[in-house]
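Protein sequences, first through last, are from chains D and U. The numbers in the first sequence follow the numbering used here, run straight up by one, and end at 863. The numbers in the second sequence follow the numbering used here, run straight up by one, and end at 112.
No lab work stands behind these hints: they were computed from the structure. For each residue, glycine too, the CB sits at the ideal point set by N, CA and C. A portion of the hints provided could be inaccurate.
One-sided excerpt, in silico: chain D residues whose CB lies under 7 angstroms from chain U [to be verified]:
#1 Asp34
#2 Tyr36
#3 Glu37
#4 Met61
#5 Asp447
#6 Pro451
Computed Cβ-Cβ distance ranges for the label pairs, DEER-style [unchecked claim]:
#7 D:Lys50 - U:Thr81: 34 to 44 angstroms
#8 U:Arg36 - D:Trp49: 27 to 37 angstroms
#9 U:Glu34 - D:Trp49: 45 to 55 angstroms
#10 U:Thr81 - D:Arg91: 54 to 64 angstroms
#11 D:Ala483 - U:Glu34: 38 to 48 angstroms
With a straight-line cut-off of 25 angstroms between C-alpha atoms, the simulated BS3-like cross-links for lysine-lysine are [unchecked claim]:
#12 D:Lys70 - U:Lys56
#13 U:Lys35 - D:Lys46
#14 D:Lys391 - D:Lys278
#15 D:Lys397 - D:Lys87
#16 D:Lys70 - U:Lys48
#17 D:Lys229 - D:Lys244
#18 D:Lys165 - D:Lys209
#19 D:Lys391 - D:Lys498
#20 D:Lys278 - D:Lys165
#21 U:Lys35 - D:Lys50
#22 D:Lys97 - D:Lys850
#23 D:Lys730 - D:Lys526
Each chain, letter by letter, is given below.
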Amino acid sequence: MRHLIPRRSEPPRRATRFLRWYCRAELLDEVAGDLYELFQRRVVDKGIWKARTLYWLNVLMFLHPDYIRKRKYHPTNHMAMFRNYFKIGWRNLYHEKFFSLINLFGLILGLTCSIFILLWVQDELSWDRFHTKIDQIYRVYMNRPGDEGIFTQTVVPLALWEELKSVTGVKYVTPTNTGAQVTLAYENRKLEKSFYYAGEDFLRMFDFKLLEGSLDAQLDNPSSIVLTKSTEQALFGEEQALGKTIRMNNQVELTVSGVVEDPPHHSTLQFECLIPFKVIMSLEPWYQEALTNWESSSFFMYIALEDGVNPAEVEGRIKDLLKPHSEGVHQELTLFSLKSSRLYSEFQNGKSVGGAIAYVRIFTMIAILILALACINFANLTTARSEKRAKEVGIRKTVGSRRWELITQFLVETMVITFLSLVMALIMVQALLPLYNNLVNKNLSVDYSDPALWVAALLFTLVTGFAAGIYPAFFLSASRPLAVMKGRAGKQGKLPRKVMVTIQFFFSIGLMISTWVIYSQLHYIKHRDIGYNKDNLLMVPTTGDIQKNYDLIKHTLLDRSLASMVSVSSSPVTSIQSWTSIEWQGQREDQQGYFAIISAGYDYTQTLGAAVLQGRDFNPNFSDSSSMLLNQAAVDYMELADPIGTTIRMGEQEFTVVGILDDVVMTSPYHPAQRTIFVFVPAWTSDVLIRLPKGANVSMMLKGIEEVFKQFNPAFPFSYSFVDEEFNQKFANEELIGKLARLFAILAVAISCLGLFGLSAFAAERRTKEIGIRKVLGASVKNIVGLLSIDFIKLVLIAFLLACPLAWYLMRQWLQSFTYQVEINLDVFLITGLVAILIAQLTVSWQSLKAAFTNPVDSLRNE
Amino acid sequence: MKGTNLGEFEELVLLTVGILYDDAYGLAIMDEIEKRTGRSLTISSVHKALMRLEQKGFLHSFMGGATEARGGRNKRLFTMTNTGKQALKEAKELRNQMWQAIPKVVWEGGNI
Numbered sequence: 001m002r003h004l005i006p007r008r009s010e011p012p013r014r015a016t017r018f019l020r021w022y023c024r025a026e027l028l029d030e031v032a033g034d035l036y037e038l039f040q041r042r043v044v045d046k047g048i049w050k051a052r053t054l055y056w057l058n059v060l061m062f063l064h065p066d067y068i069r070k071r072k073y074h075p076t077n078h079m080a081m082f083r084n085y086f087k088i089g090w091r092n093l094y095h096e097k098f099f100s101l102i103n104l105f106g107l108i109l110g111l112t113c114s115i116f117i118l119l120w121v122q123d124e125l126s127w128d129r130f131h132t133k134i135d136q137i138y139r140v141y142m143n144r145p146g147d148e149g150i151f152t153q154t155v156v157p158l159a160l161w162e163e164l165k166s167v168t169g170v171k172y173v174t175p176t177n178t179g180a181q182v183t184l185a186y187e188n189r190k191l192e193k194s195f196y197y198a199g200e201d202f203l204r205m206f207d208f209k210l211l212e213g214s215l216d217a218q219l220d221n222p223s224s225i226v227l228t229k230s231t232e233q234a235l236f237g238e239e240q241a242l243g244k245t246i247r248m249n250n251q252v253e254l255t256v257s258g259v260v261e262d263p264p265h266h267s268t269l270q271f272e273c274l275i276p277f278k279v280i281m282s283l284e285p286w287y288q289e290a291l292t293n294w295e296s297s298s299f300f301m302y303i304a305l306e307d308g309v310n311p312a313e314v315e316g317r318i319k320d321l322l323k324p325h326s327e328g329v330h331q332e333l334t335l336f337s338l339k340s341s342r343l344y345s346e347f348q349n350g351k352s353v354g355g356a357i358a359y360v361r362i363f364t365m366i367a368i369l370i371l372a373l374a375c376i377n378f379a380n381l382t383t384a385r386s387e388k389r390a391k392e393v394g395i396r397k398t399v400g401s402r403r404w405e406l407i408t409q410f411l412v413e414t415m416v417i418t419f420l421s422l423v424m425a426l427i428m429v430q431a432l433l434p435l436y437n438n439l440v441n442k443n444l445s446v447d448y449s450d451p452a453l454w455v456a457a458l459l460f461t462l463v464t465g466f467a468a469g470i471y472p473a474f475f476l477s478a479s480r481p482l483a484v485m486k487g488r489a490g491k492q493g494k495l496p497r498k499v500m501v502t503i504q505f506f507f508s509i510g511l512m513i514s515t516w517v518i519y520s521q522l523h524y525i526k527h528r529d530i531g532y533n534k535d536n537l538l539m540v541p542t543t544g545d546i547q548k549n550y551d552l553i554k555h556t557l558l559d560r561s562l563a564s565m566v567s568v569s570s571s572p573v574t575s576i577q578s579w580t581s582i583e584w585q586g587q588r589e590d591q592q593g594y595f596a597i598i599s600a601g602y603d604y605t606q607t608l609g610a611a612v613l614q615g616r617d618f619n620p621n622f623s624d625s626s627s628m629l630l631n632q633a634a635v636d637y638m639e640l641a642d643p644i645g646t647t648i649r650m651g652e653q654e655f656t657v658v659g660i661l662d663d664v665v666m667t668s669p670y671h672p673a674q675r676t677i678f679v680f681v682p683a684w685t686s687d688v689l690i691r692l693p694k695g696a697n698v699s700m701m702l703k704g705i706e707e708v709f710k711q712f713n714p715a716f717p718f719s720y721s722f723v724d725e726e727f728n729q730k731f732a733n734e735e736l737i738g739k740l741a742r743l744f745a746i747l748a749v750a751i752s753c754l755g756l757f758g759l760s761a762f763a764a765e766r767r768t769k770e771i772g773i774r775k776v777l778g779a780s781v782k783n784i785v786g787l788l789s790i791d792f793i794k795l796v797l798i799a800f801l802l803a804c805p806l807a808w809y810l811m812r813q814w815l816q817s818f819t820y821q822v823e824i825n826l827d828v829f830l831i832t833g834l835v836a837i838l839i840a841q842l843t844v845s846w847q848s849l850k851a852a853f854t855n856p857v858d859s860l861r862n863e
Numbered sequence: 001m002k003g004t005n006l007g008e009f010e011e012l013v014l015l016t017v018g019i020l021y022d023d024a025y026g027l028a029i030m031d032e033i034e035k036r037t038g039r040s041l042t043i044s045s046v047h048k049a050l051m052r053l054e055q056k057g058f059l060h061s062f063m064g065g066a067t068e069a070r071g072g073r074n075k076r077l078f079t080m081t082n083t084g085k086q087a088l089k090e091a092k093e094l095r096n097q098m099w100q101a102i103p104k105v106v107w108e109g110g111n112i
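Kindly produce the complete structure, drawing on both the sequences and the hints.
Right, dumping it as structure tokens:
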């Protein structure tokens, strides 16, 4: 009948707890007792709610100095406890040297690796941020209809310059060219330097510090030039450059009006000197005309907004500036922040769709992942060894440690270890930085004087220490003293440990597979048929008198057998610089796309090693001034059944197709060859192409070639580039990604193996007696190694089975972005799996073998 | 020693401790005073008075008498010390003397 008795109401628990918290212990009982009695009486008299309220009131009314616990009479020993934590932590580290080393080493590896990645990420994110007005600087881009939706181009007409100046909200405007080389001569020194043509606002808009000269009227003078510090030193040595005159391109004398700092390495604008637009306008009429030419887009345009102006408003004002000058075609100007122009450089249908930022994100993820792997290692090893610490925990609990005190203890221990690792990781970073810089081709450094670094380091320690320590802390502090003392602990927590090992190998195997696919894709693209032979092919830009003396140069080179073939063209083999639209018989409405146009000299195809599919190459035996060659891609686009003899109109002129060339990949090797037309215009050249004789000594040849060019072009230094090197440049990005992915995959595997190594050592140690008995009973070394390994190998196998589909899916996604994709073969997975299992087996074997070879007498003797 | 004179409320409490004799603890004392005087008290004021009286040496206390009605908690039971009794007597004496010092005419209602 017990359940029929109404339950006693209890006073509000919080109030009682509060009372218990503040009230002096010796007074607590009487007060609490009286209040309780009073409460029960009130429940009957006045109802539960009133009783509860009054109870609260009463509790509060006892808040009187006489009743409040005097805390100073209970000295807390936090400091002493912390000191004790450090001491015990240190003893543990010292006592268990082997495991401490593995733990430390894992963390150091993880931290070093993450620091490296984060350095790279930070550098990527810091580009151009040194400009104080960076938030107000925008680039002017142009959206126009293209083959696939709206095409965004970064070059705009120079004629916009004047117009933009008068737009309200715009403070500074400066165009630049897209970058080129110029020859500077002072006395007998001659140097080839990169430069920009710049407007007078350039130095006001950008923060390239002017070291000498005054900002007023800088870059506004038709006979002046601004040098960077290093150019000044290269050209003038110790001499003062300001006010001195140098000769540009053997054409004109310019006075040095200023010297600026070298552009920082994380500036997208890189130059060695700045030349006012006025200089080139007075030299070349084409530039003067460009000021009013709305047809041709060849210049970058930067603007800086007035303070507090909304860029969207300005964009609205400039959007249609091109409209009055372009009939029919719908072209719009758009603003794009300089801040984003590097990492978000890909456009689709007029909208930015990311770009290199994807790699920044991926690598940040990988940094976190690797750190997570290291933390998992730590957690695994620490919990595995919990048996060793369980007695300590038991005793601490028995003498009165509370749970959170134990958790604090273990967290403090982990923090100390993490901090130690961080310090060592920073040392490692410092030592390996040159190697890493070399790898990523950057000039990264750690600025130790930056307080932000130390705040970050502290945060890093806290976060990592917390991530690594929280699970062990809870795990270890949970053991019950009684069970521990009776020796019944350490059995729990096996499953989480297994799960964590599986996760580690899951990531490692995933990274391995991804790396492999990235590499095979790169290899595939690099070795795809590009339509010509890129080896032993030299390009020499046609500076100064080269174009004039081209025939002489060609014959001299051939006579001295410095070349097996020589030709000339209007663009380097590895890029396309001009585009045009053409008309032909039977052209449809939807065939309005642009064609690449190249002027080629005689022997062009033979020099390149490209095949002539139909007809002939340009030939001195014919008059070729109105002949035209097409490549196969152009023929396919135009859908010509019988291309030879077709008449093609370009502007006012008519051409006849005389030959079809095989496709030559000149722009992106990831894409099919551009549709291209070749014309024969001897006055339009940019590069001499020189095919070196087979098996020749390259450096000897280069020396000879240099002499020839010196002879026919004395005013300019000899400069050249190899086509295969230029071609490989196109892979720089992907190559870097591949290299980094490989490095991180290796590290991930190493960290995971380190953990496995520790765990297997621990397993072997725990089972020493078992192994001894097994051996006595006749087990072979093989049996025992198998016994100890199988547990771990199973986990790796599971990880492998889980990682395969995910890696396959992600890599398929990545490959989707390429026109030419490598097939992902089954053997990628099989070999990776085998390698992973082999590595795991080797790692485990070390300990297993050691255990298996121990003489059972030694392991069983002491009991 | 802090002033040994008795305040009015203290005197009431002390008297009540005497009345309740063997079950004089905070809540019972409060009930008794409320019953006799009709005043409404708070439990904390009674406790504080008891504490003061103990400090002055008028009361002696010991723990005991946990019941379920108190949630299993002990009471602090108070008894009077000799000093306490003495103090009460003195207070009564003082009063009596002062009573007698009042001229009879006051009670007989004569106005000046």
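Could you tell me whether the CB distance from U:Arg36 to D:Trp49 stays inside 27 to 37 angstroms? holds, 30 angstroms
Consistency of beta-carbon spacing, U:Thr81 to D:Lys50, with hint 34 to 44 angstroms: Hint holds: Cβ distance 38 angstroms, inside 34 to 44 angstroms.
Next pair to validate is D:Lys70 with U:Lys56; report whether the Cα-Cα distance is within 25 angstroms. holds, 21 angstroms
With a cut-off of 25 angstroms on the C-alpha distance, tell me whether D:Lys229 and D:Lys244 pass. holds, 15 angstroms
Hold the hint about D:Met61 up to the distance rule: shortest CB distance to chain U must be less than 7 angstroms. Interface hint status for D:Met61: holds (4 angstroms vs cutoff 7 angstroms).
Hold the hint about D:Glu37 up to the distance rule: shortest CB distance to chain U must be less than 7 angstroms. holds, 5 angstroms
Given the hint that D:Lys97 pairs with D:Lys850, does the C-alpha gap stay at or below 25 angstroms? Given that 25 angstroms is the threshold and the Cα spacing comes to 18 angstroms, the pair holds.
Cβ-Cβ distance between D:Ala483 and U:Glu34: within 38 to 48 angstroms? violated, 55 angstroms
Check whether the Cα positions of D:Lys278 and D:Lys165 lie no farther apart than 25 angstroms. holds, 17 angstroms
Should the hint that D:Asp447 touches chain U count as held when the rule is a Cβ pair under 7 angstroms? violated, 63 angstroms
Given the proposed pairing of U:Lys35 with D:Lys50, does the C-alpha separation stay at or below 25 angstroms? holds, 22 angstroms
May I ask you to test the interface hint for D:Asp34 with respect to chain U, counting a Cβ-Cβ separation under 7 angstroms as satisfied? Nearest chain U Cβ about 4 angstroms off; hint holds.
Going through the hint list in order, the structure does not satisfy hints 5, 6, 9, 11 and 14.
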